[in-house]
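Order-wise, the sequence lines are chains A and B. For the record, in the first sequence the residue sitting at position 75 is 75 according to my numbering, with numbers rising by one throughout. So my numbering is basically just the index in the second sequence, starting at one, shifted up by 1000.
These are calculated hints, taken from the structure and not from any lab test. Virtual Cβ for every residue (Gly too), placed ideally from N, Cα, C.
Calculated pairs, BS3-like style, for lysine-lysine (alpha carbon to alpha carbon, straight line, at most 30 angstroms): (1) A/Lys44 <-> B/Lys1157; (2) A/Lys103 <-> B/Lys1157; (3) B/Lys1157 <-> A/Lys105; (4) B/Lys1037 <-> A/Lys103; (5) A/Lys133 <-> B/Lys1003; (6) A/Lys133 <-> A/Lys152; (7) B/Lys1037 <-> A/Lys105; (8) A/Lys44 <-> B/Lys1037; (9) A/Lys126 <-> B/Lys1003; (10) A/Lys79 <-> B/Lys1037.
Pulled a few chain B residues facing chain A out of the computed Cβ check, cut under 7 angstroms: (11) Pro1033; (12) Gly1131; (13) Ile1135; (14) Gly1138; (15) Tyr1140.
Simulated restraints, written as ranges between beta carbons of each label pair: (16) A/Thr29 <-> B/Glu1181: 44 to 52 angstroms; (17) B/Asn1089 <-> A/Leu119: 54 to 62 angstroms; (18) A/Asp86 <-> B/Ala1078: 34 to 42 angstroms.
The lines below spell out each chain.
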Amino acid sequence: MKQSIRLFLLSFFIALPFTLYAGSIETYTFKTPEQEAIYKGLVKELRCLVCQNQDIADSNAELAQDLRRQTYEMITAGKSRDDVVDYMVLRYGDFVLYRPPFKMKTLLLWVGPPLFLLLSLFFLVKFLRNRPKTAEIELDKKQRKSMRNLLK
Amino acid sequence: MKKTHLIPLVVFTLLALLLYRGLSLNSRNIPSPFIGKPAPAFDLPRLYQKDQRISVESMKGKVWVMNVFASWCVSCRAEHVVLTNFIRNHKVPTVGLNYKDYGTEDYGEEVLSWLAQLGNPYSAIAVDTEGRTGIDYGVYGVPESFVIDKKGIIRYKFTGPVDQKAVIETLVPLILKLREEPA
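Chain A with its partners taken away, still in its complex shape (with noise of 0.2 angstroms):
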């Protein structure tokens, strides 16, 4: 009996993906794999602006849905990513793109990290160069011999 209950529970948690899974992701039929590419790309660098940290292909939630229509209609009407991309960002800004333009604006988002890596190690560098040798310490024949017996 217990045996059983263990064994529905385990198969209950295998399956649990899989169900949720199933429901989210419509399927849609592309012409061409080109164009399915497209989409493909597309659906995984668009921010869901709801959720705000799941790009439109993992999200279930019904902007989403509607995001990866708009996205299938023009891909499937013959437009380019480029063009489903400024169509995004002239109505949701440049915050709907995972990877967001290089510009004025988002200079300090691209530039500071590796700025910020150089400066440490730069600082890094001359800190242990400039670090005091520590003095070779002399000893005389005294303390040689007690340095010697503590070895022992």
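Fit chain B to the supplied structure of chain A, relying on the hints for placement.
This is chain B only, laid out in the frame that chain A set:
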């Protein structure tokens, strides 16, 4: 002690301040790319008059507000009283964009009872069943309110439920200012 020893401390303090500020920013307040641009055109059926339509074009010459709402949206209920008072006290023509409401194929039972219960301050309500006009306006979190001037240019966007503070400090002064502008 050399001053260079202080550098890590200074850098750390600056970084901590920067990150601390980040904590208090509202990540839902995304700058709208629409400010200063023409309101995207729509031509949608009206909620109570199914055979009539409402468009941006028909609001030209007026300073008006477009408020995106839905009966399923809890914050819309919260802002409704504030919004209603604002609309009535300052006689602001306001188009409600009923965004992806339940059962909108038959023009929404839910939204009708919602309005019957809370009151209807809108001059007209446009029905956006599939949320396509919502996408055109970059709607990502209902409620949202757009202030549109006489020329049909979006001048301001408020994301989230309109509160009394926003009405007094932002919306009313803006509306009064925009009314002075030539059509």
